[in-house]
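J.: Chain by chain, the residues:
There are 2 protein chains.
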Amino acid sequence: MADSENGKPERISEAEHAVMEALWEHSPMTAAEVCDRVCEARGWSLATVKTLLSRLVAKQAATTQADGRRFLYSPAMARVDYVDGESRRLVDRLFGGRPASLFAHLAEQEALSEHDITEIEALLKEIRS
Amino acid sequence: MADSENGKPERISEAEHAVMEALWEHSPMTAAEVCDRVCEARGWSLATVKTLLSRLVAKQAATTQADGRRFLYSPAMARVDYVDGESRRLVDRLFGGRPASLFAHLAEQEALSEHDITEIEALLKEIRS
DNA sequence: GGCTCATGTTTACAAGCGTAGTCGCTGTGG
DNA sequence: CCACAGCGACTACGCTTGTAAACATGAGCC
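If you're matching them up, the sequences are chains A and B in order.
Quick note on my numbering: the first sequence kicks off at 2 and runs consecutively.
Quick note on my numbering: the second sequence kicks off at 2 and runs consecutively.
Some hints could be false.
Since copy identity is lost for identical chains, a pair holds within one copy or between any two.
Claimed, not checked - The calculated EDC-like cross-link candidates involving lysine to aspartate or glutamate, where the alpha carbons are at most 20 Å apart (straight line), are:
no., residue 1, residue 2
1, K126, E111
2, K60, E11
3, K60, E115
4, K126, E115
5, K60, E17
6, K51, E41
7, K51, D37
8, K51, E26
9, K51, E22
10, K51, E17
11, K60, D82
12, K126, E26
13, K60, E22
14, K126, E11
15, K126, D82
Treat the hints as calculated values from the structure; they're not laboratory data.
Let the sequences and hints guide you as you build the complete structure.
T.: Following this line, the structure appears as structure tokens:
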């Protein structure tokens, strides 16, 4: 079962996400190249990256194209879609689905810098135009 | 390790979070009362809730006070702190720590309703005052 | 042609999670 | 006094995750 043939996007774990970020930044890449980009930061071995890549392919979050005997890996989903899904999950789970509540929370917690606020004001102005 | 004596807040899983929400809404409560509030919605048995409560106590996310032979459970962390932690994690992981990026994303994805936008404008005005 | 290197596949294994059953204790109604 | 109901503690068990080693295989080098 799990998700062999249907299009249900299986959930990507945090470690897997780190690999996806690398692929979104640059693709296609071999496993070794992915490792070059993430192994040091996360303290991983190449073997770990290989496992994660396999799992991502199994989850249909990444695709491969043969290049001789090796594979070149590419993301199979757009980053924006992933980010969107995760954002919505958070807003749904913690803010009753109301993005404004998230914003209010950030503001109350003073997680917003002067710069953030200015930026958001500018965005709002743009939306309004 | 884990977090016996130190104050490191161990991560709360999704199922556990559902229980925490119940406790935040109303506390203290017995395991049975918590079940009344969440079992139906999640299709859980009382046993499941008991397990989750134990784990939450172990993680020091909830506390108990004896009431005769049973326990009354209460949250040991403020909801706002949990929400804040999760929000920041998301912003850090997906938006490079810039809340404005999250906001921009939401705006681009049209996840913001007219109402949301108005609300945020109002909040901004308040901050500015 | 054999050895080594790169690379995907298989296997491993502990910790965490979701879900729940069973055990043991004790206060209570009869 | 005893069976029972209620309750926490302990045990269970399959799945996912993080992390990686072992294995197989093809390719180039000497």
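J.: Now, for every hint given, state plainly whether the structure supports it.
T.: Here is what the structure says about each hint:
1. Within a single copy, K126 and E111 get their C-alpha atoms only as close as 22 Å, which misses the 20 Å cut-off; across copies the closest is 15 Å, which meets it.
2. For the identical chains of this complex, K60 and E11 are intra-copy neighbours only, at 6 Å inside a copy versus 28 Å across copies, given an alpha-carbon limit of 20 Å.
3. Taking CA atoms no more than 20 Å apart as the test, K60 paired with E115 passes in neither setting, with 41 Å inside one copy and 36 Å between copies.
4. In this assembly of identical chains, K126 and E115 lie within 20 Å of each other by CA distance both inside one copy and across copies; the values are 17 Å within and 13 Å between.
5. Within a single copy, K60 and E17 get their C-alpha atoms as close as 10 Å, which meets the 20 Å cut-off; across copies the closest is 26 Å, which misses it.
6. Taking identical chains as interchangeable, the C-alpha atoms of K51 and E41 lie at most 20 Å apart only when both belong to the same chain, with a minimum of 15 Å there against 41 Å between chains.
7. When the C-alpha separation of K51 and D37 is checked against a cutoff of 20 Å, the pair qualifies only within one copy, where the shortest distance is 12 Å, while the shortest distance between copies is 45 Å.
8. For a Cα distance limit of 20 Å, the shortest separation of K51 from E26 inside one copy, 18 Å, qualifies, whereas the shortest one across copies, 44 Å, does not.
9. In the homo-oligomer, the alpha carbons of K51 and E22 lie at most 20 Å apart inside one protomer (15 Å), although the nearest pairing across protomers, at 38 Å, exceeds that limit.
10. For the homomeric pair K51 and E17, the shortest alpha-carbon distance inside one copy (11 Å) is at most 20 Å, but the shortest distance between copies (32 Å) is not.
11. For the identical chains of this complex, K60 and D82 are intra-copy neighbours only, at 15 Å inside a copy versus 33 Å across copies, given an alpha-carbon limit of 20 Å.
12. In this assembly of identical chains, K126 and E26 lie within 20 Å of each other by CA distance neither inside one copy nor across copies; the values are 30 Å within and 37 Å between.
13. Within a single copy, K60 and E22 get their C-alpha atoms as close as 16 Å, which meets the 20 Å cut-off; across copies the closest is 31 Å, which misses it.
14. Proximity of K126 and E11 under a CA criterion of 20 Å is satisfied in neither setting, with 37 Å inside one chain copy and 41 Å between copies.
15. Proximity of K126 to D82 under the C-alpha cut-off of 20 Å is found in neither arrangement, the shortest distances being 25 Å within a copy and 31 Å between copies.
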